[in-house]
Amino acid sequence: MEEVQDEGQSPRSGAPCKISPRGASMIMRKVRDQPRTTRQDLVNDLKRAGTTVSKKTISNTLRRHGLKSCSARKLFGLNSTRRVWRKKKDEYNPKNTIPTVNHGGGNIILWGYFSAKGTGRLHRIEGRMDGAMYREILANNLLPSVRALKMGRGWVFQHDNDPKHTARATKEWLSERPYQCPYCDKAFSKNDGLKMHIRTHTREKPYKCSECNKAFSQKRGLDEHMRTHTGEKPFQCDVCDLSFSLKKMLSRHKLTHNPNRPMAECSLCHKKFTRNDYLKVHMENVHGETEG
Numbered sequence: 150m151e152e153v154q155d156e157g158q159s160p161r162s163g164a165p166c167k168i169s170p171r172g173a174s175m176i177m178r179k180v181r182d183q184p185r186t187t188r189q190d191l192v193n194d195l196k197r198a199g200t201t202v203s204k205k206t207i208s209n210t211l212r213r214h215g216l217k218s219c220s221a222r223k224l225f226g227l228n229s230t231r232r233v234w235r236k237k238k239d240e241y242n243p244k245n246t247i248p249t250v251n252h253g254g255g256n257i258i259l260w261g262y263f264s265a266k267g268t269g270r271l272h273r274i275e276g277r278m279d280g281a282m283y284r285e286i287l288a289n290n291l292l293p294s295v296r297a298l299k300m301g302r303g304w305v306f307q308h309d310n311d312p313k314h315t316a317r318a319t320k321e322w323l324s325e326r327p328y329q330c331p332y333c334d335k336a337f338s339k340n341d342g343l344k345m346h347i348r349t350h351t352r353e354k355p356y357k358c359s360e361c362n363k364a365f366s367q368k369r370g371l372d373e374h375m376r377t378h379t380g381e382k383p384f385q386c387d388v389c390d391l392s393f394s395l396k397k398m399l400s401r402h403k404l405t406h407n408p409n410r411p412m413a414e415c416s417l418c419h420k421k422f423t424r425n426d427y428l429k430v431h432m433e434n435v436h437g438e439t440e441g
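Note that my numbering has the sequence shown beginning at 150, numbered continuously upward.
By construction, these hints were calculated from the structure, which means they are not laboratory data.
Treat the hints with caution; some may be incorrect.
Cross-link-like lysine-lysine pairs, in silico, PhoX-like; alpha carbons within 25 Å at most [as the list claims (entries may be wrong)]: (1) LYS363 x LYS382; (2) LYS429 x LYS397; (3) LYS237 x LYS205; (4) LYS403 x LYS421.
Construct all of the structure, not just a fragment, from the sequences and the given hints.
Given below as C-alpha cells:
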C-alpha cells in the first residue's frame with residue numbers, strides 16, 4: 150500500500166526558530182518601548198522566561214521584523230556611539246535621538262531645526278555667519294528637514310529677530326524664490342544659486358586645475374585643491390606650530406590638544422576611538438554591525 154502524506158502536516162524546511170512567537174513578541178515590545186535596549190538585555194529577558202539564545206539570534210530575529218542596530222541621532226556634538234533598534238526611516242523619532250551631550254570646554258556654533266514631529270538637520274557654522282550664509286543654510290537644510298519629517302505643506306517656519314533673520318534679502322528669500330530647479334523641488338532666490346545647484350544633478354565641473362586637470366563644480370573646491378600643488382597652509386594652530394591647508398583639518402587637529410575631548414566609544418565592548426570613522430570600521434570588522 151502506498152503511503153500518502155498529508156500536505157498540511159508536512160514538516161517545515163530548515164532549522165526551527167529558537168525563539169517562539171511569544172518570545173519574539175516580547176522582545177519586539179521591549180525595543181519599541183526602549184530602543185536603546187542592548188542585545189544582552191534581551192538575552193537576559195528571554196533567559197528569565199525560560200529561553201536561552203545567543204546575541205546573534207536576537208539580531209537575526211529583530212532584523213526579520215524590520216529592525217536594525219543603528220547609531221542614535223545626537224542633536225549636539227559628535228555622532229552618538231549609543232545604539233538603538235529602529236526601522237530605516239525612524240531616525241528622527243524622539244526615542245531614537247540624544248538631545249544633550251557633556252563636553253570638556255570650547256565652543257561651537259550650530260544651526261538646528263526642530264518641530265513637533267522630531268528634529269531636523271544640524272549644521273555647524275564655520276567662521277562668522279552673515280545674512281548670505283544664513284540663507285544658504287536655510288536652502289540646504291530647511292526643506293530637506295521638512296521632507297524627512299513628512300511635514301507636508303501646513304507648517305510655519307519661526308526664528309527670532311536677529312538682524313540676519315529680519316534682513317530684507319532673507320525676507321525675500323523666505324517669501325519668494327522664483328528660480329526653481331528642473332530636477333528636484335528646490336527653489337532659489339537668485340539665478341546664480343540655481344546654476345550652482347544644478348551642477349549637483351548634471352555633474353558639470355567647469356573649474357579645472359591647471360596642474361593636473363582635476364575639475365570641480367565650485368571655485369572654492371578648486372582653490373582648496375590648488376594648495377596641494379602650492380603647499381600653502383594658511384590655517385595655523387594657535388597652540389603648536391602645525392599648519393593645515395583646510396580649516397576643517399585644523400579644527401580636527403585642535404581636538405588633540407583638549408584632554409577632555411569627547412571620545413567615540415563602542416557601545417558593545419566600550420573601546421574608545423579618537424574619530425567616528427575609526428569606530429565605524431571597528432563596528433564593521435569586529436562586531437559585524439554598520440552605522441545607521
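Check whether the Cα positions of LYS429 and LYS397 lie no farther apart than 25 Å.
holds (20 Å)
Could you grab the alpha-carbon distance between LYS237 and LYS205 and see if it respects the 25 Å cut-off?
holds (20 Å)
Against the 25 Å threshold, does the CA-CA distance of LYS363 and LYS382 hold or violate the hint?
Holds - the C-alpha atoms of LYS382 and LYS363 are around 20 Å apart, at most 25 Å.
Pairwise hint evaluation, LYS421 against LYS403, where the allowed Cα distance is 25 Å at most
Holds - the C-alpha atoms of LYS421 and LYS403 are around 18 Å apart, at most 25 Å.
In this structure, none of the earlier numbered hints is contradicted; all agree with it.
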